[in-house]
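Q: Spelled out, the chains give:
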Amino acid sequence: MTRLDRLKPLDWTVHPPYLHEPYRSTVSRSPRQRLVPLPQTLSELTGPVYGDGDVEPLDSDLTRNAVRNGEPIGERIIVVGRVLDDDGRPIPNALVEIWQANAAGRYIHKNEVHDAPLDPNFTGAGRCLTNAQGEYRFVTIRPGAYPWGNHDNAWRPAHIHLSIFGRNFLQRLVTQMYFPGDPLLPLDPIYNGVPEEARQRLISQYAHDVTEPAWALGFRFDVVLRGSQATPFESEGGS
Amino acid sequence: MPRQTPSQTIGPFFSFSLVAGGENVLIDERSSGERILVEGRVLDGAGEPIADALVEIWQADSNGIFKHLADPRHEDADPFFAGFGRSATDEDGRYWFRTIKPGPVPTEDGQQQAPHINVTVFARGMPIQAITRIYFADETANERDPVLASIADPQRQQTLIARREQSADGIARYCLDIVLQGEHETVFFDA
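Residue numbers (the working numbering), protein chains in the order written: chain A, 1 to 239; chain V, 1001 to 1191.
Hints may be right or wrong, so weigh each one.
[As the list claims (entries may be wrong)] Restraint ranges, calculated between C-beta atoms of paired labels, are given here:
#1 V:Asp1109 / A:Pro195: 35 to 43 Å
#2 V:Asp1169 / A:Ser228: 41 to 49 Å
#3 V:Pro1079 / A:Glu112: 34 to 42 Å
#4 V:Ser1150 / A:Asp209: 43 to 51 Å
Bear in mind the hints are in silico, worked out from the structure with no lab data behind them. Source: prediction; values computed, not measured. Where is the CB? At the ideal position from N, CA and C, for every residue including glycine.
Kindly produce the complete structure, drawing on both the sequences and the hints.
A: Right under this line is the structure:
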């Protein structure tokens, strides 16, 4: 068998630990035993492969993909970014799926109880594939803040959920993108579960070059997945 | 060099985007191999079912081949089996997949891994996913599997091995609960 291109370890100085007590649901849902080291075999270094047939062009425009009788309410935004690995290599054909609350902070979900209006023209779900440069682009509505029961007067900062499939099983990432300058961020135990020096990477940047005149504001959010362990020398070297 | 983007929880409201229905059926009538049902519950540290988890699986076809360029045998992969599935748990914390029993998967040094399914678990209350594996109780190859062998405690090994039951329609049913925390905590991996 040809030599497999292994990945660098998951960077636990960047990712949140399973247990973060201020985020109350982690207390009974956090593995406590030491994780068992797993060799990176074919099972881990392969993963689902996506192509053009898997997404429709309208899937990435959340202002149009659920229209029933008009335009969704709220501030129209464009979210762009690249999916790359931590060697800086772009990842083409990565499936990016997103979901979010509407402008009023309401999710279209059967268990949602927040007393805020649904928008008949907005579901808040979208998907796209990255292009050859690893770039993705969504048009959507800026989500509202969202109250939740974690603690007294708890509000989630406005966020968009992202689910990303990279090249293989181990690059799988689910994360959330936040907006710059949100005063709720320092109060949010989910955001604060991430080691302090890495938190900034969850905040999108306002991108004037993406903003379209008299149409929509632009935000940029790059997603970085685990890269390859091998340097060019090592990959030629055997063992 | 850029650094990895931190993970964040999948939260409670993913299903309207991630689960349209049918993602937990990996086969159609053309797929080759033994058809099986894989099912179980996802449980928390108090033994309570988790009704808002997402379980994803990734597996080889019936010959142990992955439909992916990293597998040198990928051209021989079953064209009617993609190997990826996704199941949102129901009110009882239950997940299920209709799939085929995977074949053994080779390692680089010429050993064989026993047939297994790779599993990723996401849920509200999990800031990052947990990864584990499902093995099959009726496989003698389990005794020689290098990953199972790396788990010293035989009781912990058992947390990865699904028991086989015959269902009414004659399809083999493999059952395994995934326990996030506590006395019977599933073995989770760092790869």
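Q: Evaluate each hint against the coordinates.
A: Each hint, compared with the structure:
1. V:Asp1109 / A:Pro195: 35 to 43 Å: 36 Å, holds
2. V:Asp1169 / A:Ser228: 41 to 49 Å: Holds, at about 45 Å.
3. V:Pro1079 / A:Glu112: 34 to 42 Å: 40 Å, holds
4. V:Ser1150 / A:Asp209: 43 to 51 Å: Once the Cβ atoms are compared, 50 Å apart, the range 43 to 51 Å for aspartate 209 of chain A and serine 1150 of chain V holds.
The structure agrees with every numbered hint stated previously.
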